[in-house]
Amino acid sequence: MQPLLEVKNLCVEFAMRSQVLRALRDVSFTIGKGERLGLVGESGAGKTLTGFSILNLISKPGYISGGSILFEGRDLAELTIEQIRDIRGNRISMIFQDPMMTLNPVLTIRTQMVETIKAHQKISDKEAEKIALDKLQRVYIPSPEKRLDQYPHELSGGMRQRIVIAISLLTNPGLIIADEPTTALDVTIQAEIMDLLLELCRDEDMGLLLITHDLAVVSEVTQKIAVMYAGRIVEMGPTRDVVDHPEHPYTRGLIAALPQSCDQGQRLLQIPGIMPSLANLPSGCSFHPRCELCQDICKREVPVLETKASGRHVACFMVK
Amino acid sequence: MAEQTNDTPLLQVRNVTKHFDISGGLLDQLKWKEGKMRRVRTLVKAVNGVTFRILPGETLSVVGESGCGKSTLGRAIMRIHRPTSGEVIYRGKRVDNLSSHDMKPYRRKMQMVFQDPYASLNPRMTVRQILEEPVRFHNPGMSRDEVKEHVLHTLKQVGLDPDWNNQFPHEFSGGQRQRISIARALVLDPEFIVADEPIAALDVSIQAQILNLLMDMQQKRDLTYLFISHDLSVVEHISTRVAVMYLGHLCEVAPVKEIFNNPKHPYTQALLSAIPRLGGKKKSHIRLGGDVPTPINLPSGCVFHGRCRFADERCRQEMPPIVEHATGRVACHAVEEERI
Ligand SMILES: Nc1ncnc2c1ncn2[C@@H]1O[C@H](COP(=O)(O)OP(=O)(O)OP(=O)(O)O)[C@@H](O)[C@H]1O
Ligand SMILES: Nc1ncnc2c1ncn2[C@@H]1O[C@H](COP(=O)(O)OP(=O)(O)OP(=O)(O)O)[C@@H](O)[C@H]1O
Ligand code: SF4
Ligand code: SF4
Ligand SMILES: [Mg+2]
Ligand SMILES: [Mg+2]
Numbered sequence: 250m251q252p253l254l255e256v257k258n259l260c261v262e263f264a265m266r267s268q269v270l271r272a273l274r275d276v277s278f279t280i281g282k283g284e285r286l287g288l289v290g291e292s293g294a295g296k297t298l299t300g301f302s303i304l305n306l307i308s309k310p311g312y313i314s315g316g317s318i319l320f321e322g323r324d325l326a327e328l329t330i331e332q333i334r335d336i337r338g339n340r341i342s343m344i345f346q347d348p349m350m351t352l353n354p355v356l357t358i359r360t361q362m363v364e365t366i367k368a369h370q371k372i373s374d375k376e377a378e379k380i381a382l383d384k385l386q387r388v389y390i391p392s393p394e395k396r397l398d399q400y401p402h403e404l405s406g407g408m409r410q411r412i413v414i415a416i417s418l419l420t421n422p423g424l425i426i427a428d429e430p431t432t433a434l435d436v437t438i439q440a441e442i443m444d445l446l447l448e449l450c451r452d453e454d455m456g457l458l459l460i461t462h463d464l465a466v467v468s469e470v471t472q473k474i475a476v477m478y479a480g481r482i483v484e485m486g487p488t489r490d491v492v493d494h495p496e497h498p499y500t501r502g503l504i505a506a507l508p509q510s511c512d513q514g515q516r517l518l519q520i521p522g523i524m525p526s527l528a529n530l531p532s533g534c535s536f537h538p539r540c541e542l543c544q545d546i547c548k549r550e551v552p553v554l555e556t557k558a559s560g561r562h563v564a565c566f567m568v569k
Numbered sequence: 004m005a006e007q008t009n010d011t012p013l014l015q016v017r018n019v020t021k022h023f024d025i026s027g028g029l030l031d032q033l034k035w036k037e038g039k040m041r042r043v044r045t046l047v048k049a050v051n052g053v054t055f056r057i058l059p060g061e062t063l064s065v066v067g068e069s070g071c072g073k074s075t076l077g078r079a080i081m082r083i084h085r086p087t088s089g090e091v092i093y094r095g096k097r098v099d100n101l102s103s104h105d106m107k108p109y110r111r112k113m114q115m116v117f118q119d120p121y122a123s124l125n126p127r128m129t130v131r132q133i134l135e136e137p138v139r140f141h142n143p144g145m146s147r148d149e150v151k152e153h154v155l156h157t158l159k160q161v162g163l164d165p166d167w168n169n170q171f172p173h174e175f176s177g178g179q180r181q182r183i184s185i186a187r188a189l190v191l192d193p194e195f196i197v198a199d200e201p202i203a204a205l206d207v208s209i210q211a212q213i214l215n216l217l218m219d220m221q222q223k224r225d226l227t228y229l230f231i232s233h234d235l236s237v238v239e240h241i242s243t244r245v246a247v248m249y250l251g252h253l254c255e256v257a258p259v260k261e262i263f264n265n266p267k268h269p270y271t272q273a274l275l276s277a278i279p280r281l282g283g284k285k286k287s288h289i290r291l292g293g294d295v296p297t298p299i300n301l302p303s304g305c306v307f308h309g310r311c312r313f314a315d316e317r318c319r320q321e322m323p324p325i326v327e328h329a330t331g332r333v334a335c336h337a338v339e340e341e342r343i
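Protein chains in written order, with the numbering used here: chain C, 250 to 569; chain G, 4 to 343.
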């Protein structure tokens, strides 16, 4: 069966004055119908760019320099702007860390929701309002009628993010891309929003691309995980397996560095050094200056993401 | 982390309250009320009657949701804000009411590290200037060479290459900048450090480096920490005891194992049930109904009653005092009545 989304060898570059920065290199993954994939990695790894590429939101000096993005069988890179616009916000919705990227501060929730519905469907205001109310209830907003008349600034951060999720549901999308949707929220609210996303994906059979730096959140919500480092996916596999038995040295380091991974009060394991900037990518494997297992070949050649003996996808010469 | 060396507290916070007056000008304050024009002042009640003590060598962590008053508490202790009422006692001496001059010896003993190392470092000063300035200020008798030696020693201790001395903060990564601000706090040989979200802005692999540094320094230098963080896994890892705040009030204080294994206050229970766990199946969380009230209009009685599963009439009327238990202190009627 054809997956809902298939990203193949996606490359994104930034044409800067003095050089071309290679921000995404050969990023490949699939999301099936109703499947939840977590994309994790540290700041600057390329997570947001990956989400933006799918929605064709990359702007100059950035551009997609290679690869393909198939959604429901169509190559998004080949579509016209009009066709993309139709898919974006209709079949694919995006939720950002800051709800105000989606919400308009000067319009009531009612206006924003009704307009969104009417942009995609030819129905009356009354009918649109009914759908809006229904979706607000769906995301457990208390007293939804009252919320319709409120402005975004009158709502708490958690409530705003719920409204954004309600808006993203208006067009019954097949895929939701959620980029750090709870990073700015308190842990109690984060837990509620994640419960909600999980429930919606299950009930509506929606695919989810969950972008976050928080491995624990990903491990609770997703079935598959892809770990990014310096613009590449370095490890991908079933979430539980990867978290319990990481194979790539970077994933191993990332998990070992979490406080949960060692005894209370003990020193944490740390990965030496920092992630390289795009302007100074090391030769060969980008992780080699920080890697304990580094051999000569790692400095010369780039390891590709390949299926290893365990069935896991890993980009490392030293994993058999 | 470190052994407690004795039972005399290093720091005592007694009934500390901090309210911010945000009334604005006189015209903004005039409100029509009960048939008369009255002057109404608007107060943000950020911290309300908080009492606790910290023993030497301890790490006391303060947790609670955004806006509950953690930073304000830390700043009131450090005298960045003067508390509205209450007392801060350092080694048996009241310090909250000292003049700037009399405060000076305490300033070097008590230091603060902030969340955003970039905003807290002067961008026009080199690393060396940033570190030498406080040393000179507090040690007028030290020779140039002694100051330089002392700064170099501190730089090495926090894992920074002394060759970077003449560089500016913007030339460093986030983790390195946080090392610089930790070095700046350490360079005066303090005993007590308030660390306000010191790793919140950093990546996981860098967080581990900074947490290790804080733990190493505590061992090497016998430091005592007040650690403010919203990352409960980190808090579980490094704390001796944990204080939970809600709307400017202390809900519960207990040793770290006790809090995480056996939380008593309903808010602590909800907070801890929400921690995402690595490799765990999604557990059911305790849902908190309602919204967080604003610290401008504090609810009557227990400030948590609007969101509490166990609230009853008494909770709506009467503020629960914080009561000593075998393992810690809890402010909750239901716990006291043994309903939960
Ligand atoms: N407009 C731009 N010009 C140049 N480089 C850019 C631009 N936008 C992004 N980049 C670079 O692309 C890389 C990937 O950025 P991206 O935003 O995808 O990271 P991320 O993994 O989402 O990080 P974070 O966790 O901080 O959100 C970064 O190194 C970033 O500096
Ligand atoms: N200088 C100030 N003037 C007015 N109100 C203030 C001031 N500083 C803080 N507040 C208010 O006091 C309350 C407590 O703020 P504080 O920064 O202490 O919270 P916090 O627990 O540190 O939150 P966070 O986790 O978001 O850092 C908030 O409502 C805040 O808006
Ligand atoms: S390819 Fe080499 S340097 Fe890269 S992660 Fe594997 S062992 Fe380390
Ligand atoms: S005092 Fe009452 S409302 Fe407050 S936490 Fe306890 S049970 Fe809940
Ligand atoms: Mg991002
Ligand atoms: Mg704060």
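Because the hints were derived from the structure by calculation, they are not lab data.
Do not take every clue at face value.
In silico contact screen, one side only, chain C against chain G (beta carbon under 10 Å); selected entries [said to hold, decoys possible]:
no. : residue
1   : Glu291
2   : Gly293
3   : Glu394
4   : Leu397
5   : Gln399
6   : Pro401
7   : Leu404
8   : Val436
9   : Thr437
10  : Ile438
11  : Ala440
12  : Gln509
13  : Cys511
14  : Ile523
Label pairs and their in silico Cβ distance ranges [to be verified]:
no. : chain 1 : residue 1 : chain 2 : residue 2 : range
15  : C       : Ser405    : G       : Pro324    : 35 to 43 Å
16  : C       : Ile372    : G       : Glu339    : 19 to 27 Å
17  : G       : Glu339    : C       : Ser405    : 44 to 52 Å
18  : C       : Thr357    : G       : Ile25     : 20 to 28 Å
19  : C       : Leu356    : G       : Asn142    : 28 to 36 Å
20  : C       : Met250    : G       : Ile25     : 20 to 28 Å
21  : G       : Ile25     : C       : Gln399    : 19 to 27 Å
22  : G       : Asp119    : C       : Gln515    : 25 to 33 Å
23  : G       : Arg224    : C       : Pro538    : 44 to 52 Å
To be clear about the criterion: a stretch of chain G counts as covered by chain C if any three or more of its residues have a C-beta under 8 Å from a C-beta of chain C, and this derived list gives those stretches [stated by the list, open to error]:
no. : region
24  : 207 to 219
25  : 233 to 242
26  : 268 to 278
27  : 288 to 295
For glycine and all other residues, C-beta sits at the position ideal for the given N, C-alpha and C.
**Message:** Just to be sure I understand the hint, the distance between the Cβ atoms of threonine 357 of chain C and isoleucine 25 of chain G should be within 20 to 28 Å; is that true here?
**Reply:** holds (27 Å)
**Request:** Tell me if alanine 440 of chain C is really an interface residue toward chain G, meaning its C-beta lies closer than 10 Å to one of theirs.
**Result:** Since the shortest Cβ distance to chain G is 4 Å, the answer is holds.
**Assessment of proposed distance window 44 to 52 Å (beta carbons of glutamate 339 of chain G, serine 405 of chain C)** = Violated - the Cβ-Cβ distance for glutamate 339 of chain G and serine 405 of chain C, about 30 Å, lies outside 44 to 52 Å.
**Prompt:** Using the C-beta atoms of methionine 250 of chain C and isoleucine 25 of chain G, is the stated range 20 to 28 Å upheld?
**Reply:** Violated - the Cβ-Cβ distance for methionine 250 of chain C and isoleucine 25 of chain G, about 59 Å, lies outside 20 to 28 Å.
**Request:** Double-check isoleucine 523 of chain C for me: the hint is only fine if its C-beta lies closer than 10 Å to a C-beta in chain G.
**Result:** OK, holds: isoleucine 523 of chain C within 10 Å of chain G, min 5 Å.
**Request:** Starting from the hint 19 to 27 Å, judge whether the C-beta atoms of isoleucine 25 of chain G and glutamine 399 of chain C obey it.
**Result:** With Cβ atoms ~23 Å apart, the hint holds.
**Asked** Does the interface hint hold: is valine 436 of chain C within less than 10 Å of chain G, judged Cβ to Cβ?
**Response** holds (5 Å)
**Hint check: 10 Å Cβ-Cβ cutoff, leucine 404 of chain C to chain G** = holds (9 Å)
**Asked** Is 35 to 43 Å right for how far apart the beta carbons of serine 405 of chain C and proline 324 of chain G are?
**Response** Since the Cβ atoms of serine 405 of chain C and proline 324 of chain G sit about 29 Å apart, the hinted range of 35 to 43 Å is violated.
**Prompt:** That 28 to 36 Å hint for leucine 356 of chain C and asparagine 142 of chain G (C-beta), does it hold up?
**Reply:** Since leucine 356 of chain C and asparagine 142 of chain G have Cβ atoms about 59 Å apart, the given range 28 to 36 Å is violated.
**Message:** Quick check on leucine 397 of chain C please, does its C-beta sit within 10 Å of some C-beta on chain G?
**Reply:** Violated, about 17 Å.
**Message:** Quick check on glycine 293 of chain C please, does its C-beta sit within 10 Å of some C-beta on chain G?
**Reply:** holds (9 Å)
Comparing the model with each earlier hint shows violations of hints 3, 4, 5, 6, 15, 16, 17, 19, 20 and 23; every other hint is respected.
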